[in-house]
Amino acid sequence: MSHYLAKRTARVLFTVYLVATFTFGMIRLLPGGPLTTLRVKLARQGMDPDQINAYIENYQNIRPDATLLEQYQSYMLSVAGGDLGRSISLDEPVANVLAEAVPWTVFVVVVSTVLMFAFAVLFGAMMAYWEGSRFDQALTGVSIVSASVPFYVLALLLVYFLGYQYQILPTGGTTGLAVEKELSVPFVMSALEHAILPVASFTVTGMGVQALAMRGNSIQVLGEDYVRVARLRGLADRRIATRYVGRNAILPMYTGFLLLLGFNLGGTIILERIFSYPGLGFYMFKALKARDYPLMMGTFLVITVALVVGAYVADLTYSKVDPRISSGGSNEAY
Amino acid sequence: MSDPLLRLSDVEVHFEKEQSLWDFYQDPDVVHAVDGVSLDIEENDVLALVGESGCGKTTLGKTAIGLQQPTSGSVEFRGQDIWEAKAGRGDVSFEEIRQSLQIIHQDPGSSLNPNQRLVEILSEPLRHVHPDMDSAERRERIFSLLERVGMSPAADFGDRYPHQLSGGEKQRVALCRALLMNPDVILADEAISALDVSLRVEMMDLMLDLQDVFDTTYVFISHDLSNARYFTEHGDGRIGVMYLGELVELGTAEELIEDPRHPYTNVLRWATPELSLDATEAVDPPMRKIDIPDPVNPPSGCRFHTRCPEAREACKQGTPAREPVDGNGQEVACFREQPEHAYWESAPLED
Amino acid sequence: STTSNNDTDSEDSDGSGDGSDGTDDSSGSVTVQDKTLVGATNEGVPKNMHYNPHNTQKYAAWSGEMVFDKFAQYHFGKGEFILYALDDWQVESTSATLTIREDLTWHNGDDVTSQDLATQFKIGKKTGDSLWDFTDSVEATGDKTVELSFSEETNPTIVKHTLAPMRVDTKHSVYKKYLDKEASAVQSFSYDENVQGTGPFKFTGDADKQQVTLKRFADHPDADNVNFEEYQYVHMPDNPQMHAGLLGGKLDVAMSLFTPPKVVANMPDAVNEARVPAKWGYGLVPNHDDPVMGKREVRQALMHVINRDQVRDNAGPRTKSTPKVPCGIAVDDQERWLGDEMDTYETYGQAETQSKKAASLLESVGYTKENGKWKDENGDVISIPIKQFAGWGDWVTASQTIADQLSSFGFDASVTTVPTGQMWGQITDGDFRLATAFWLPGGPRSAFPFYPLRHQVKLTTWQRGHNYPEGEIEVPARKGSGTTSMNPASKVEKIPTATDESAAQDLVRQAAWHNNQDLPMLSLLEKREQSFVTEDEWDVPDDGDSKYKVKWPCHWLPRQGNLQAK
Amino acid sequence: MTASHSSTATSAVDASDTILELRNASVTYDDGESYVLDDVSIDIERNEIIGIVGESGSGKSMLASALLDAIPDPGLLSGEVSYYPEGGDRVDVLDLDAASLKELRWEEISMVFQGAMSSFNPTMKVRGHFEETLDAHDADRKAGMARAGELLEDLYLDPERVLDSYPHELSGGMQQRALIALSLVLEPDVLVMDEPTAALDLLMQRSILVLLEKLQEKYDLTMVFITHDLPLVASLADRLAVMYAFELVEVGPTEEILGHASHPYTRALLNATPNLDAPLEEMEAIEGSSPAPINVPEGCSFRPRCPLADESCRVDAPEHSEVVDDHTVACHYWEESAEEIPLNYAPDGGTPDSVDTDGGTPAGVDAAGGAPDGVDADGDDGGERR
Amino acid sequence: MKPTEADSQVGGVDWSSSNAAATDLSRMDRYRDLYQERVYKPALVAWSDWRTRFGLLIVGFYVVIALIAALGLYPSPETNQAPRYLLPLENMNYVLGTTATGTDLLALLVHATPEMMLMITSGAIWATGVAVVLGTVAGFKGGTTDRVLMAIADFVMAIPGLPLIMILAIAFTPENPLVLGVLITLNYWAGLGRSIRSQVLTIREQNYVEASRTMGTPTHRIIRKDIIPNLMPYVTVNFVTAARYVIFASVGLYFLGVLPIGAENWGITMYLAYSTAGALYTIEAAHWLIAPMLAILFLSLGLILLGQGMDRVFNPRVRTRLAGESESTAGSEEEDSNASTEIL
Ligand SMILES: Nc1ncnc2c1ncn2[C@@H]1O[C@H](COP(=O)(O)OP(=O)(O)OP(=O)(O)O)[C@@H](O)[C@H]1O
Ligand SMILES: Nc1ncnc2c1ncn2[C@@H]1O[C@H](COP(=O)(O)OP(=O)(O)OP(=O)(O)O)[C@@H](O)[C@H]1O
Ligand SMILES: [Mg+2]
Ligand SMILES: [Mg+2]
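If you read the sequences in order, they're chains A, B, C, D and E.
Going by this note's numbering, the first sequence opens with residue 135, and the numbers climb by one from there.
Going by this note's numbering, the second sequence opens with residue 3, and the numbers climb by one from there.
Going by this note's numbering, the third sequence opens with residue 1282, and the numbers climb by one from there.
Going by this note's numbering, the fourth sequence opens with residue 5, and the numbers climb by one from there.
Going by this note's numbering, the fifth sequence opens with residue 2, and the numbers climb by one from there.
So here's chain A without its partners, still in its complex pose (with noise of 0.2 Å):
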């Protein structure tokens, strides 16, 4: 008990561990090598299967011919030092692949799980407050629909209205193609305009689940005792909202914006595929198409951690968020 920082931060690197090995084990276990799909592409292309063979057998990027312990330890050696390998497919560093699409991902998952929660209580404090009524009932049905909406349907929906038919938005990439790459008005306003349907899939979808969750806990806080001497006690209805039910309300929310965050993660495999956005989760299936261990290692790799340390903060900050938490045992986050 007494070494706990230690000891959880230890658990942190050994789950890392753990998944390093476990994703590196089930990407081998993966049917096809490598080149298959360089294969299938350079048959395509009408090379002579001969030439391909000589090819392919020129092509000393990989050894496969080396000994699964061989690759894992050579593996499991560069990752702890940083360096993730190279992509096949790509033919570059993976981590600096990943790391030109790491913000990308991030922007777009943060902004819209954030704007999700923050939307998310909003609505559902504000259903608990009309408890009843019209406006509750038809934010309840909008949510409950929403919720039955799976991001990428509204995701190929937006993509067709706003992007295809009325053309308001663009569904391609990070930022426009003239904008130069550098820490500018313009590239910051292409950034968001470019961001905008991504994160509106995500948000919107996963609003309706959340704002449900939010106007349970919220009428619950609101039918707590201190909220009712807090109005006695004459405090102004903001305070009420903010202090009193919003940040009860929403602890019970906290653990969950996490794990979100983790699910949002893994979701823009489809959805960066969807508006080809080129982050993580366009990397990610990119990769998978193409066998590109290196790159899905990686990719895999980062989004674990990613979920990890995410966990790990939420532990640790937890007790603080909530004053009665106070030790680390028997509330953590996972």
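Derived by calculation from the structure, the hints in this document are not laboratory data.
Remember, predicted model here, so these are calculated numbers, not experimental data.
Be aware that a few hints might be false.
[As the list claims (entries may be wrong)] For the chain E half of the interface with chain B, some residues (derived, Cβ under 10 Å), not all of them:
id : residue
1  : 34
2  : 215
3  : 315
[As the list claims (entries may be wrong)] Computed spacing ranges between beta-carbons, pair by pair:
id : chain 1 : residue 1 : chain 2 : residue 2 : range
4  : E       : 35        : D       : 165       : 58 to 64 Å
5  : C       : 1359      : A       : 295       : 43 to 49 Å
6  : E       : 203       : B       : 129       : 23 to 29 Å
7  : C       : 1437      : A       : 212       : 27 to 33 Å
8  : B       : 129       : C       : 1664      : 55 to 61 Å
Ideal Cβ positions, reconstructed from N, Cα and C, are used throughout, including at glycine.
With chain A's structure known, arrange chains B, C, D and E with the ligands on it following the hints.
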């Protein structure tokens, strides 16, 4: 019978407190819930434990009926160490001991599974005691007992869920459940505190009434001296006064109320409201502090010395043992009972 | 990339080039407009692509079409080559002499010399270029001429088909250091900067995750034909995105873009569609070791049952065509190679299900039909699971159609999809009864029947996974009655060395006949590549013009002055 | 006013010094279907401690909430609630606009609820509660906090430690005392306490009661103390009001109620309450249970459990009759009750007599409808002597 | 302990109830009881809430469709069974229209239903089943068992779901819908297991569990009788949530072309519409894409509604109230607050 029904010898129960996330390098806090309690409980006895909240009544009670393993000391049931039996080293099977020691909880709401009907709840003990009883016979027994505790028509009550009962009825069901085990000891942990004032007497009467029928011993926990008095006087038993994990005074209700020897007993007596008009005058509490000290670091010496109006320097040093007073049943742990003690020489505590 | 990567109809970047003979016809300079021709690429994130063609993995083949000039262009309409980066090629039976286009320069201004070409060939030798299947040596004989000597007599058509798609892309000064290194060295090289190309547009480093933009190269011999500044390729990994781009006017051109008919019909009028045969297409490969599929009669029966035109209409009527006779020769080339004899070939019913014929064939091998189900000699229902490359949408449709046709005929047919990588291994290992596979190997040179015929018999792509028997095979005689026996493999192998056209034709006919009778593979559909050019802002040939019959119009037309900014 | 003054019960009769007045207050739920407070009228005198006693669910909390016009939704309060500030004009509480109501609450009348644990925001330190209350009422923070510190010290708490704790870090008794301090921080005149000690053990309850008494003295408070524990409040209150089934059945000075309880329910309650003095044999439970709001019996609501009940109790709801000055009871047979239901203890240490003197006051004096069975009270109440 | 015969000495209690008739339960009565308890009342409760009612209707509709498909009451989809690209309602034999291959779209949807339902069910059962078993065991056993199980759960939770499924799908190319369902929820149980564990920790502290232990009731029986029934509301809600997750994930993966195309599936239909007909951009093919989308939306809507109302079924308070049984005054607390247990 040479061995008492239950014998607690020098029982200690300590809990390690779960630690806060941020104090890394400290030893865990240890709560001294029960410290050095020795006690014999006889067949068909009634023992009431009184004391303020957190003083270890529940812990001691649970230890006595083998629900809580003591950190040190032993608990014997008819001469058989319970925990030895549990480990399989006893002459009597643990199973038997287990069934002989039952409990009724304070909160009638939480002591009944909300998803079961009364018949189901009450079938459970019969299943243990009479494994081969058929369900019709079980129902018959359950119904007759329900009627016996005043819940009729029993068939109607039997089909109810706990939430369809009033608090008093729930408590009766809990009592029935314990009784159907045909136990030798029932620990009634604040079994009446949650009931409305007007129902308490009724419940206590019922319990005592059934004691005669079922031949059980009650360990009755309460923070209210007047309830303890009522129960023990009717049941012909004793009251034990607990303070911070220790049993500081033991005696019949009459002895404790008429002649409280321990200053803490006197405090309890003060705290117990009376209806007589001359008692309506509020008197300052006969103690120096209101709040009970932290059981994590119980005070040295006599644990009551931090609040005791009679405390003197000597009370900080040694711990008084519980000793008989005047040859009768009353026992008390206070230096003031020993005329020769250094207490009388030392300076009163002031703060 | 994505689905489209595996979507057989979506991409096919093979280029065959050709030096225009009509270069330099207008020497006057043009007014260059500050316009950008916008196309698309689905290859990969442009920023990660590069311009070393020997490093195939990430070679930017699509934009490479504009950065490098092809030796010659194959015109599918006329069936002939148009020289482009070469001024001349003299192909003899044992040698060939190539003359580089006179005023062709690298993007840094250096002339393209015979040394460059020689280096290119030599590096190609290291990396296994198929030119070296028949080539013995390469020699720069003059400043602009290179001579190839062949190891044996070689059919000139094969030589030309091998040479035409090559591009002038290997500058000696850049690549010479790889001449004496392992192939892997050059295969992992990529330009840091200063890409040395020869085409009318040059790469100046303007590439990011979403696009690559090429700049007009004013010193190109055909620079006067190009009156716009920039050629941009936007990264669109998904076909539907490109469709949307064309529908919404965001794209000016698109090459090799499979587009469903309903989408084409919705295209604005300004979009011109061009279709050229891909010499590639959907077929089925039977496992000849299989007790059922090993029977010629069963294969023939299947072919009779399959209604090819219906399959085509389901899988894409605009973009597929069906061979009149299944015989291992591409649809458009059958007439030319088989002539009148074609009538004697078994058609197996191009647009119908010939149930009767199929039934009698099956009965002839002892199969019987009971309760609408065909059963083998043991009385077991014959099941025909079709293994299918996962994710190839139109192929799935084709297979499903065939499965339904076979099922309603009385087989127990079904479709199972297998991921590409796994499928590859399963065909190679012969782990299938009937599997989808391309019956034409693809690329313009597949117009020369040697390639598809060899593909079907030897299935080298899958290491003979279909277990087609080696050695003599008995088939009905081509003319008259009786049977003839032949070794199809060796027959096919003779084709490239037949230097005389009619000798080649005879060999082809023998092999094709055998193929038609014994069906080593089932030749079912041939793909038509679609590409698109828009005319609202660009001067382009009219819809349907034969100028479009090249691969690819959007790359060829600008060079010819046929695609200019309005 | 201290407990010792309370013996001058007459002072309470001085109607001019009423501070809070409840007239015909009713609270209904379910669109008037269920009455959870049924036509209750009571005056609360300045500087007195009045104890309101009744079993669980009898409507005590409703009464307390009604005093502040703070009935939890969706309850409806009807009737009249008046507040008479020191030297000011009558304030009609139910008529106030939001701003004045906000001022009235906590600045004039404040309240301590059942269960301190749930009255504090669990995610805020105790100090925050004090500060925001001061801010909300535009009070001076510094002075206010100083007062808070003093109040906490009065309640035997260490102000610094308590203020800097989260609620869950305090024991139940400490929380309850902190809550009392919080309710007094704006120097209200009236403190309404709804079972402020129910969740605590007896020792702490008694201790808090002693402290409350001191506070009342120090700050000149009027206190309304609600509890189900009659013996507990008996030591504190000047007057007692007994509730049964959403109505007040008996109101009077503490010693009157203890000594000369006139309502059968009150008497039964006294008999059922275990205490140190009562002889054990005679402790008796009250048979049956109290009614739910939806099915309160017609007529007298205690009738089904009452040994004295007869037909008239079924028909007529009894009005309040005056037993002596300031001691009223709602029973048709209050004169007989003492005889029929003897008390099983000696409330007065064995000299219960003083009642006789003014026991003769005719019943129904201020019961408007007049009790038809209003009989002479002579010689009716001696039965409680033992 | 006293010998059991001691019962006879217990003089004060007459063991034979005066209400003898009530104690005699015939077999019939018991079945009727069982029916009342397990079927009638839950159904009554479910039906009383509009959300559950609609949810049941919708999900029931899908089950009926699945049965229709499984029993072959509706023609199976075949290529060229109808003209190509019929629009919805254009030909009443093919109400939803046809695809590019002349396949009846309605037949495609109908025949995809059984597999989808199987997949959903197996996935949801797997996810909740594993979660309940592990969560309960961990919560109840505590100690090392708890630590080990929770460490496993932590590890499993750290693996991102969708990517994992994709890799596994490619590795194992599962076609059996039951296997697929399990695959999709392979690591779904972890989060649920954790929260069930903490619920069990709470329930374990309840007095009635202690009472059961005091009676010497064996652990498995305590878990079965005291713990699990009280978890049910939470479990049902999560069952439904897991089911919804299976739909979303499976259709998404089919849509990406990651899962093998075996039988019909709405995702495959969407995928083919999207990739081979450009249905997203062509109005003539739009129905091909929209119809399966709607099939998904309605099913998940049904499940959500069901989940929203389902926990009431397990709430004895609601049950007795609706069955018209009396409720004592003392117990009439307002409806359980956990009725608002929300889905994640
Ligand atoms: N399981 C436990 N773990 C840690 N500490 C405990 C545990 N059980 C009891 N304690 C602590 O032991 C002390 C005695 O507790 P116990 O419940 O026996 O008191 P009690 O006299 O029954 O109090 P109450 O009247 O409030 O029921 C308390 O300080 C309590 O916090
Ligand atoms: N929101 C509500 N809707 C309907 N009835 C209510 C509501 N709140 C309380 N009641 C009912 O009003 C009656 C009086 O409640 P109240 O809280 O005043 O009782 P109490 O005397 O304070 O009881 P306790 O001692 O348990 O606090 C009870 O019967 C209760 O069930
Ligand atoms: Mg206790
Ligand atoms: Mg109350």
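Results of checking the hints against the structure:
{"no.": "1", "hint": "34", "result": "9 Å, holds"}
{"no.": "2", "hint": "215", "result": "5 Å, holds"}
{"no.": "3", "hint": "315", "result": "8 Å, holds"}
{"no.": "4", "hint": "E:35 x D:165: 58 to 64 Å", "result": "59 Å, holds"}
{"no.": "5", "hint": "C:1359 x A:295: 43 to 49 Å", "result": "45 Å, holds"}
{"no.": "6", "hint": "E:203 x B:129: 23 to 29 Å", "result": "26 Å, holds"}
{"no.": "7", "hint": "C:1437 x A:212: 27 to 33 Å", "result": "52 Å, violated"}
{"no.": "8", "hint": "B:129 x C:1664: 55 to 61 Å", "result": "57 Å, holds"}
Violated hint for the displayed structure: number 7, the only one.
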